[in-house]
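A.B. asks: The lines below spell out each chain.
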Amino acid sequence: MTYTVGIDIGSTTLKCVVLDENGDILYKSYERHFSRVRSMTLEKLREIHPLLGEDPVRLAITGSAGLGVAEKSGLSFVQEVFATSGAARRWYPETDAVIELGGEDAKIIFLSGTPEERMNSSCAGGTGSFIDQMAALLAVDLNTLDTLSLQHTCIYPIASRCGVFAKTDIQPLINQGARKEDLAASIFQAVVDQTIAGLAQGRPITGHVLFLGGPLAFLQGLRERFIETLRLDKRHAHFPDLAPYFVALGAAVYAESLSPRPFANIEAALEAAAASSERPQGLEPLFRDEAEYEAFLRRHRSADVPAGEIEAYTGNVYIGIDAGSTTTKLAVIDEDERLLYSHYCRNEGSPLDVVLRELRGLYDRFGDRVTVGGSAATGYGEELMLGAFGVDVGVVETVAHYTAARHFCPDVSFILDIGGQDMKCFYIRDGAIDSVLLNEACSSGCGSFLETFAGSMGKRIDEFARLGLFAQNPVDLGTRCTVFMNSSVKQAQKEGAPIEDISAGLSMSVVKNALYKVIRVHSPEELGECVVVQGGTFLNDSVLRAFERELGRDVVRPQIAGLMGAYGAALLAKERSGGVSHLIGREELRDFRHESRPVTCSGCTNRCHLTVNTFPGGRRFISGNKCERPVSGERSTDLPNLYRFKRNLIAALPQAEARRGTIGIPLVLNMVENLPFWNTFFGELGFKVLVSEPSTQRLYASGQATIPSDTVCFPAKLVHGHIQNLLDHGATAIFYPCMTYNFDEGMSDNHFNCPVVAYYPEVIRGNLPLPPDVRFFYPYISLDDCAVFCRRILETLHELDPDIRPREVRAAAEKAYAALEEHRAAIRAEGKRAIRYAREKGLRTIILAGRPYHADPLINHGIDNLIASLGFVILSEDALEPLPEYHKLGVLNQWTYHARMYNAARTCFTLPDTELVQLVSFGCGIDAITTDELRELLRSGGKLYTQIKIDEINNLGAVKIRLRSLLAAMEDRERTEEIQ
Amino acid sequence: MNTQRRPVLEPEYGPAHVEFTPEMKKTHTILVPMMLPIHFEMLCEIFRQQGYKVELLRTTHRGIVDEGLKNVHNDTCYPALLVIGQLMDALKSGKYDLHHTALLITQTGGGCRASNYLSLLRKALHNAGMGYIPVVSLNFSGLEKNSGFLVSTPTLVKAAFALTYGDMLMWLSNQCRPYEKNPGETQRVVDRWTQELTNQCRSPRFLFVEKNFRRILRDFSAIQLVEKPHVRVGIVGEIYMKYAALGNNALEDFLVSQGAEPVVSGVSDFVLYCLRNGVFDHRLYGLNPAAGFVWNVAGGYLLARQKQMIRAIRENGRFRPPALFTTLETLVEGVIGTGAKMGEGWLLTSEMLELLHSGVDNIVCTQPFGCLPNHIVAKGMIRKIREAHPQANIVAVDYDPGATRINQENRIKLMLATAFQRAGVSPEPAAPQHVPAPAAEESHSISSQPVGAAV
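Chains as they are written, first to last, in this note's numbering: chain A, 1 to 980; chain B, 1 to 455.
Among the clues, some could well be false.
[To be verified] Covered stretches of chain A, going by a simulated chain B footprint (3 or more residues, C-beta under 8 Å):
id, segment
1, 138 to 144
2, 691 to 698
3, 709 to 716
4, 734 to 742
5, 890 to 899
[Unchecked claim] Only some residues are given here: those of chain B computed to face chain A with a beta carbon under 8 Å:
id, residue
6, K70
7, Y132
8, G286
9, A417
Just so you know, the hints here were simulated from the structure itself, not pulled from any lab data. Please read these numbers as outputs of a predicted model, since none were measured by experiment. By construction, the Cβ of each residue, glycine as well, lies at the ideal position given by its N, Cα and C atoms.
Excised from the complex, chain A in its bound form (with noise of 0.2 Å):
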């Protein structure tokens, strides 16, 4: 009797079956290996000896963690999506499509037409690890939120490229008060979203579908998003009770194919593998001994806050509430700012509720003796407890951290504050707030990551961060986002590292994380004399023992790392209040009710999903929304706004009759600022110009399936949506040229368009299923040199209409130029106005320098009218007159739009009471040598630097922060000056 042995060892599971000689399941197990890999496997195979017999075996391996195991043991492995296909078609031949979602990996194969296998790409986490996170933020376990889910009533757009971007969506949500039934069934649209975006990519999944893996065996919410998505009914779908073992069986078949080997022979290679731990070195320990660690305990006891006792004080008392992504913390001082009370817990998914209870409990507690001077609220949540408690004073969160640094430092010239979601970090220069950096999406390996961590090998965190204090040989793991260390874990986990070295890693990680990737320090002097670190994560001493150690300095840990924006609102709710405070009263709080419902706002295009929530009093608290129109039911203001003023300019053209017929041009990248060109040009030779509609979320997704590479920008992944939607309006001409070089304009060493720019149409062209009847036409040419451009485009007319003579286009080519040079100088007379309008009424302005394509309102999720609302100018980059002289930079400043930008920077220099805010696309390599240029350029013209990174994420609530610590920084600067 010969057996076959398939062993499946995933990043989290292993699992086994055994096949008899007719190829029967005799036997299967699923467990959890808490990364004891080796040792495990090894348990396993002696566990089956008695079933197997004495007879040799045949043996397979797959897996991730598998691949490890396999090498070092001898045995033989199999690629693991290849062994799913082998297990599918022997099991069930009938399959077209199997999706695979696994705990971090996701897989499509096909198996019908021509076989094809594909896996996500690294950075597109969003799997079963995701759902796990997603899960613990709501503050659910997985069963209920499956339940939940069945119960949604309304969806919710989550950006669903990778798994933190969508929790950078999700988060906001849950502090509006979203409904954990439609946030559920949302996540579970996320991931299905991206299987098909992501992986698909245009190819249909049609057919039998099989559907494999833990989450999908699991979560009936997760299936009926699966099949409603892919309009699959239940003869086609099929969910195989075998799927938790399918990539087992795979290894099982594939493994029928070797020679046996003798059990013995078997055992001793794995017990070889097992008994190895060749690991490369790792990382210096964090702590040499106990005493090393008390040492550092005793400096670090020393940053406290004085702190008294309700009950023995009678007097005003002052309240912050700090209303987090994860936590909520609240923090009660008295009029000497000793602290009262504090309180930090975990959100559960509805801040409201735990601020609710907190307060309630403290007016039982204050009884007559106390009474409530002054509260304020800062955080995610802070609008919220603003709308449902009446609290008095809303504070930016890095000036609610700043004035709690203040008090332990009064000369702190850093903060660094990592939270559960996110982190910031800010320079204090001249006591005022300087350069916000915040962990942009893809970086966000923060403190409820190493949470998730700890659970997932069964230790709490504080445990788990016990556990790295005194690791011998810390894991080096990467640094980049959590999808990235995920799978830096498992590489470890390969190696046979221990969970204490994991551990150890990980806090490293955090560490360098935000050194490297956000701060992006080079050395410790760029901090200043003193630095603060503070945030939940801080006060695991592993992170904080990391941070000293790579930065090679002491800093500044307050034993209320944790609460210190609660602090910070509290001392400022004691500085800003008159002494009388509108926080809700005991008996209106008695009885206090809540309601949130969903609804889609119709006020603009922008179709909002808002959340409104109605307290009592009749107070109401909208959030979600992108503009104040649905808040006060008004326009954003009429203050000269470019971006507004370029969006009208564009869809004002004029059109002209169809003579020779209809030519489509889609309104994306660099055909936006070129529209007035191509209008005229096409209108002046007869044909009628037919252009797409303004970006929407429908249009996106539209052609979302055809985009070969998910880490391109987002403005360029809408191009295919435009391209679409030309086609849905019937275009059976489109025109879409590759341009390698832009317009000249004197200002920049070489005049290029960044690469994506230059030659999307070819992406279009080759990924873009286009019907046979339809032309696309997308030449290489260069409007720069009008004779050469007229040579060039005669080739392309003349496929269009062969009748066209040189000497129309010559002439169609003047208009045209003339027509563009209207349109720009119709911008920079609206920047010059806009400049003057400031001046006269004295208002701040704001440059918001991106490239002429992020007017587009889907791209910029409406950044323009936020900062509108708080009651800025705006200007674009391209609004301002190109200055007499060119500067060079300390970069090879080669792209036209990007010169602007620079141009941009030495204009904010003349302008008082202007500041420059970048806006970067996700993705824009060439972005990341302009942002530093930039923000050194800014500083050498005594100016701030303020960043906006924009993708498909909709959520306004970091740049908000921004802004508003910005304008923050702007008065501080005023006050300052008027001082002097």
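Got chain A; can you put chain B on it based on the hints?
C.D. replies: Chain B only, in chain A's frame:
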């Protein structure tokens, strides 16, 4: 439009430009970052002959990545991070007298951000307090000149030979290494010839290519090979990721260890591609009127060397010859425009096509994470290529400082699984490491096809 020239001023902040002066030729050692060990060794020798003190960096440790992370914006592409990391790491190693050290870095001058490596390196030096170290830009687009670093015509001529020799050694060794009977034999031939050619640089013998080619071919033919099925895997990609073992985690070695034969085309193609783009720029946009002349002279010269190499390989008859550059240009017709010239541009697409045309269906396409041109010319073209060549078995792999080897290798293994299955062989068992050799476990006969997984 606004094309009038404005007065140009130097920036008043940031690193100053430190000139590499003629005097420094004698006093300074120029450090060169590694990409292609065989080629660069010869090129460095050629520069030494011109009187420069040159040292090629051969470091590979993890500290390079850490230096890169510390000194370069982390969203900048991985090659920049590694190249600058390697140079900074060398400067900080204590091995060099910093006041008598200069650095060399290439600048392509295209619309890709790679042209900014030089600026990023200067910034890194400035921030590390080593702003006095001169950086030499090696470019042929007139971006930046140094009075003390001039490339003479004889040097250029010799460089053309060095590139062809390097390409040939790389090309032939990949056809021997996976099949060699005595492990290490191929590398010994490569090393011997690299040494020999480096020595020859000083003598006119270096220019007798035909003789050298014949001798090289004779030596490679003498390597004893074992009979086993050929599973060829092409490597294409962003130039640094394609060639540099430091960047792609020694991809060639990995493929060989898995029992596959790497197919890696030469770097002459890239140089020819750069020269050729000047001609297209003229054709499409009326720019660069001298490009045609440059192409005819320089391109023609290099192309002639390539032809000689191909002819020699054909005459020898034992090895497959590489494709001539001009073939690549015709292959992309109708797939991508030759106007796509940023980064590796159309060349990358055509390399994939050439592989498919010459029967190499399996391809690893390497790129730095977030590489802009590769969104277009690599990932953006795969679908189109598959339509015309359904057998194409392509895997795109991203490299960055955070990505782990296991992730990359797992994806490559998936591609390999299909490749081996099509070739009708089961892949080799993972080479046992430090384990008592297991008894003959698998037969590698063609009949042992995996069951139930026929593609």
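A.B. asks: Taking each numbered hint in turn, which are not upheld by the structure, reported in ascending numerical order?
C.D. replies: Numbers 1, 2 and 7, in rising order.
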